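Asks: Construct the entire structure; sequences and hints are all you get.
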Amino acid sequence: MGALSFDGDVIVVTGAGGGMGRCHALELASRGARVIVNDLGGHPFGGGSDPGFAAQVVAEIREAGGEAVANTESVSSVEGAASLTEQAMDEWGRLDAVVANAAILRDKPFDEMTVQDFDDVIDVNLRGVMRVFHPAFKAMKSNGGGRLVAVTSSSGLVGARAQANYGAAKSGLLGLTRALALEGGDIGIKANLLAPGALGTRMHTAMVEAATFHADASADLVKNEAAAEYLKPERVSPMVSVLTHPTCPVTGQILCSWGGWYGRFGVTVNKGWALRGGPATAEDIVENWPRVVDEETARDAGLDSFNQQG
Numbered sequence: 005m006g007a008l009s010f011d012g013d014v015i016v017v018t019g020a021g022g023g024m025g026r027c028h029a030l031e032l033a034s035r036g037a038r039v040i041v042n043d044l045g046g047h048p049f050g051g052g053s054d055p056g057f058a059a060q061v062v063a064e065i066r067e068a069g070g071e072a073v074a075n076t077e078s079v080s081s082v083e084g085a086a087s088l089t090e091q092a093m094d095e096w097g098r099l100d101a102v103v104a105n106a107a108i109l110r111d112k113p114f115d116e117m118t119v120q121d122f123d124d125v126i127d128v129n130l131r132g133v134m135r136v137f138h139p140a141f142k143a144m145k146s147n148g149g150g151r152l153v154a155v156t157s158s159s160g161l162v163g164a165r166a167q168a169n170y171g172a173a174k175s176g177l178l179g180l181t182r183a184l185a186l187e188g189g190d191i192g193i194k195a196n197l198l199a200p201g202a203l204g205t206r207m208h209t210a211m212v213e214a215a216t217f218h219a220d221a222s223a224d225l226v227k228n229e230a231a232a233e234y235l236k237p238e239r240v241s242p243m244v245s246v247l248t249h250p251t252c253p254v255t256g257q258i259l260c261s262w263g264g265w266y267g268r269f270g271v272t273v274n275k276g277w278a279l280r281g282g283p284a285t286a287e288d289i290v291e292n293w294p295r296v297v298d299e300e301t302a303r304d305a306g307l308d309s310f311n312q313q314g
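To convert a position in the sequence shown, counted from 1, into the numbering used here, add 4.
Incorrect hints may have been included.
Computed list of lysine to any residue pairs in SDA-like fashion (alpha-carbon distance at most 25 Å, straight line) [said to hold, decoys possible]:
no.	residue 1	residue 2
1	Lys236	Arg35
2	Lys236	Gly69
3	Lys112	Arg131
4	Lys275	Val246
5	Lys145	Gly176
6	Lys236	Arg165
7	Lys112	Trp96
8	Lys112	Gly163
9	Lys142	Ser81
10	Lys145	Leu178
11	Lys112	Ala172
12	Lys145	Val246
13	Lys275	Leu186
14	Lys145	Trp96
15	Lys142	Leu180
Think of the hints as simulated: they come from the structure by calculation, not from any bench.
All figures in this text were calculated on a predicted structure; none of them were measured in a lab.
Replies: Okay, structure coming up:
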């Protein structure tokens, strides 16, 4: 097949001032996309701001011959998130794709986590994505379609210690994105999730420096030269090009990108068990437990499985 070229498509990337977001912005711009580089420039744990992060990435893109503009608004406000769609329309008159990558981290064991720790992470990592997608979805609907990519995490899909807040936010993106895939299906809008893995990002560095719950394991990975090489953030970005391109082959899916490995997480449902002729008791369920949780009959649930079950 030929090279994937964006031919002037306008793409917003949030959290693009460093780490994976920066790599996504550079990758997309190198393929001809016009990129809005959004980054508040705050600390990976939340708080603060520095417009220099977004400006530096814009400078890199322009030096390489690409087109980009900076946006330093926060996705934690409705107005800040809406400014991304507004800037795309004002600057270039279109919005073709959004990569919702901005996130913060606040790792703590659950019994040490405060309500504020939980709320702050949910506000940026889940509500922030909704705030960005909402005006973008409306603009795409009016202009014939587009692509939405929400960056999730294995923490939200399979769980991780000391990340109840982060995992809850990232798993919430699954329901949000699959709903948008359904609603956008008839109007040309595709919505997918990206589950990445990378070392050497701003968030990862801050986690190690602050000696958070996962810091030792992360530091050990960094010391492993082979792991550090494979898990460079730029290795994630090719999947972003696939999911934001007009030819994106899927919607409502969770795609993985870890150190050169690319795959898909699935949402499955099995045949299960049902008692014919009457309501089941708890004892009936326990007796038939192997059939209730049987994996051999599991299949992809599909986007419309909720309505199919009804």
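Asks: Run every hint past the structure and note whether it holds.
Replies: So, going through the hints one by one against the coordinates:
no.	hint	in the structure
1	Lys236 / Arg35	holds (20 Å)
2	Lys236 / Gly69	holds (24 Å)
3	Lys112 / Arg131	holds (21 Å)
4	Lys275 / Val246	violated (33 Å)
5	Lys145 / Gly176	holds (23 Å)
6	Lys236 / Arg165	holds (24 Å)
7	Lys112 / Trp96	violated (43 Å)
8	Lys112 / Gly163	holds (14 Å)
9	Lys142 / Ser81	holds (18 Å)
10	Lys145 / Leu178	holds (21 Å)
11	Lys112 / Ala172	holds (14 Å)
12	Lys145 / Val246	holds (21 Å)
13	Lys275 / Leu186	holds (24 Å)
14	Lys145 / Trp96	holds (17 Å)
15	Lys142 / Leu180	holds (15 Å)
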